[in-house]
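Chemist: When you get a sec, could you build the whole thing from the sequences and use the hints?
Line order of the protein sequences matches chains Z and A.
Under our numbering, the first residue of the first sequence is numbered 102, with each subsequent residue one higher.
Under our numbering, the first residue of the second sequence is numbered 9, with each subsequent residue one higher.
Among the hints, erroneous ones may be present.
Unchecked claim - Straight-line alpha carbon distances no greater than 35 angstroms define the calculated DSBU-like cross-link-like pairs of lysine-lysine that follow:
{"id": "1", "chain 1": "A", "residue 1": "K113", "chain 2": "Z", "residue 2": "K236"}
{"id": "2", "chain 1": "Z", "residue 1": "K442", "chain 2": "A", "residue 2": "K113"}
{"id": "3", "chain 1": "Z", "residue 1": "K442", "chain 2": "A", "residue 2": "K91"}
{"id": "4", "chain 1": "Z", "residue 1": "K250", "chain 2": "Z", "residue 2": "K195"}
{"id": "5", "chain 1": "Z", "residue 1": "K250", "chain 2": "Z", "residue 2": "K236"}
Stated by the list, open to error - Covered stretches of chain Z (in silico footprint by chain A; criterion: 3 or more residues with CB under 8 angstroms from a CB of chain A, positions within the stretch not fixed):
{"id": "6", "region": "128-135"}
{"id": "7", "region": "289-300"}
{"id": "8", "region": "422-429"}
I should point out that these hints are in silico values taken from the structure, not numbers from a laboratory.
Here the structure is a predicted model, which means the values were calculated and not measured.
Here a beta-carbon is modelled for each residue, glycine too, at the ideal position from N, C-alpha and C.
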Amino acid sequence: MSDGMEEIATRFAAYFAAHKDGAANVAVSDIMRIHGGASRQTYRLRVSYDLDGAPVEERLILRRDPESSLIETERSTEVDALRAYQGSDVPVPKIHFLENDPKWLDRPFFVMEEITECAAGRVFQPLPYGEHRQKVGTAFWRALGAIHKPSVEELGLGPNFEVPARNEAWHVVLDHWERVIDEDQLVPQPLVRAAIRWLRRNAPSPATRICFIHGDYRHGNFLVNEGGDICAILDWEMCHLGDPLEDVAWAMDSIWSVDGDHPGGMIPEEEGLALWSEVSGLEANPDDLLWWKIFTAVKGSAIWMSSAREFADGRNMDPVIAFSGWYPAQAHAEALIELMKQARMGERNEA
Amino acid sequence: MKPEVNEILTGLLGAVITDIAPHLPEGYPQGSMSLVALLMMFSAQEYDRAAEVRFNENLAMRGLFVDAARDVPDPDLQRRLLKAGNESDESLLISALNASNCELKELLVELHLATEMNDTPWAHNTDELIWAMLEEFTAARKLDLPAF
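Modeler: Right, dumping it as structure tokens:
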């Protein structure tokens with residue numbers, strides 16, 4: 102174990118002993134840093150302790166805020182999301198701790214169970230789910246429908262979540278990501294700016310219903326076992342309330358897979374949409390879906406610009422940050438060109 | 009110098025993937041080294057074309073500005089378009105080309121906005137030219153991902 106890992110292990114053991122009722126002789130082992138998204142530092146670890154005289158061992162995932170964060174969201178928002186879907190048809194890891202006091206590990210963190218014997222599909226790999234693509238794809242789209250099915254009231258979310266008006270949901274998120282671009286762009290962005298202006302001139306229909314939005318629901322952000330079962334949906338850090346088509350379009354985004362017609366290398370887009378609609382009880386108007394697909398490319402572009410800014414400013418030199426600022430940015434530019442062709446063709450046909 | 013930078017990067021890429029990465033601890037260290045390898049590959053692709061991509065973008069934008077300036081309704085924008093359009097890149101350093109590129113793209117954003125605010129043949133034609141240009145610019149910067 103490296104010095105850095107040993108220090109985290111020691112300090113987390115102290116935290117666990119102080120917060121786990123009845124735990125004695127706490128020891129942390131097998132701690133290693135893993136990739137878990139670009140916005141937080143993620144560690145896998147094993148904690149052993151005695152509870153009422155009996156030995157217990159748990160495998161946990163610790164997610165700590167980095168010194169600078171790609172996505173500036175409260176970790177409590179992510180934890181609230183995970184708690185809201187506990188015991189539902191949406192598989193999520195169990196949350197053990199949420200700690201905002203930096204005295205324990207220098208920065209806020211939360212801890213959840215490790216989902217074992219499962220893995221995330223590899224992005225950019227052809228046929229990431231192999232023979233299970235149909236099974237995984239079906240579960241993927243049905244789970245998204247299950248995320249969108251409950252009303253905001255049923256989820257019992259706390260004050261972290263603002264509820265936009267149905268006709269303002271698009272405006273809220275577009276304003277947000279345009280602000281991110283204004284703050285973080287390193288160079289002028291004529292393509293993305295033109296897309297933003299188009300989005301504003303051509304507002305989508307009001308949201309059918311305000312739903313819980315995962316914010317980053319896609320291939321690569323859920324765990325699958327060898328039998329093709331989805332074990333857990335991860336990376337809820339961009340969650341908020343809004344138009345469910347935001348999630349649908351993001352899930353369909355072509356950049357996450359080399360097979361553009363099968364989002365995430367799973368099942369065809371139309372089939373996925375039908376499954377989502379069946380479970381959620383919602384429908385997707387084609388014109389609105391195109392709007393949200395263009396928005397998806399703008400949102401993605403904004404995220405990659407933030408990544409590039411972090412790396413260029415020297416605030417985060419993780420290779421994933423450098424990669425994020427380059428390859429997916431280019432991929433979203435290419436996607437945006439094609440989507441805007443469709444949009445502008447539609448305008449010409451209407452004129 | 010020989011070998012060229014892109015040849016060095018591509019050559020070292022093999023060493024990173026086959027000789028270095030497999031000996032690192034699994035998880036974050038191996039994953040990070042894989043990303044470093046990809047970034048080396050992209051850098052090798054970019055090395056050869058970087059100057060040409062930027063020089064051509066700048067040339068295309070300047071040409072557009074000179075043509076568009078004739079009928080742009082805003083006199084201040086017209087003046088700035090003509091000024092920028094009649095300049096040229098004296099240095100082929102990437103940093104110098106990037107600086108010009110940024111200035112020209114800021115102006116491109118303004119010009120594009122001006123076309124959207126006018127319902128004239130000039131505006132429609134210039135809008136089409138800009139979209140075609142943005143498509144060319146995007147295609148020229150495409151990155152090739154290796155087959156996994």
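Chemist: Against each hint, give a clear statement of whether it holds in the structure.
Modeler: Evaluated hints:
Distance hint between K113/A and K236/Z is unfulfilled; the C-alpha atoms sit about 46 angstroms from each other, more than 35 angstroms. Pair hint K442/Z plus K113/A holds up; C-alpha atoms about 21 angstroms apart against a cutoff of 35 angstroms. In summary, the hint linking K442/Z to K91/A is supported, as the alpha carbons are separated by about 31 angstroms, within the 35 angstroms threshold. A hinted pair counts as satisfied when its Cα atoms are at most 35 angstroms apart, and K250/Z with K195/Z qualifies at roughly 21 angstroms.
Of the supplied pair hints, the one linking K250/Z and K236/Z holds, its CA atoms being roughly 21 angstroms apart against a limit of 35 angstroms. Evaluation of the coverage hint for the region 128-135 of chain Z: fulfilled, as 3 residues show C-beta separations to chain A shorter than 8 angstroms, against a requirement of three. Interface restraint, the region 289-300 of chain Z with chain A: holds (7 residues with C-beta to C-beta distance below 8 angstroms; minimum three). Only residues whose C-beta sits within less than 8 angstroms of a C-beta in chain A count toward coverage, and the region 422-429 of chain Z has 4 of them, enough to reach three; the restraint holds.
In the structure shown, a violation is registered for the earlier hint numbered 1 alone.
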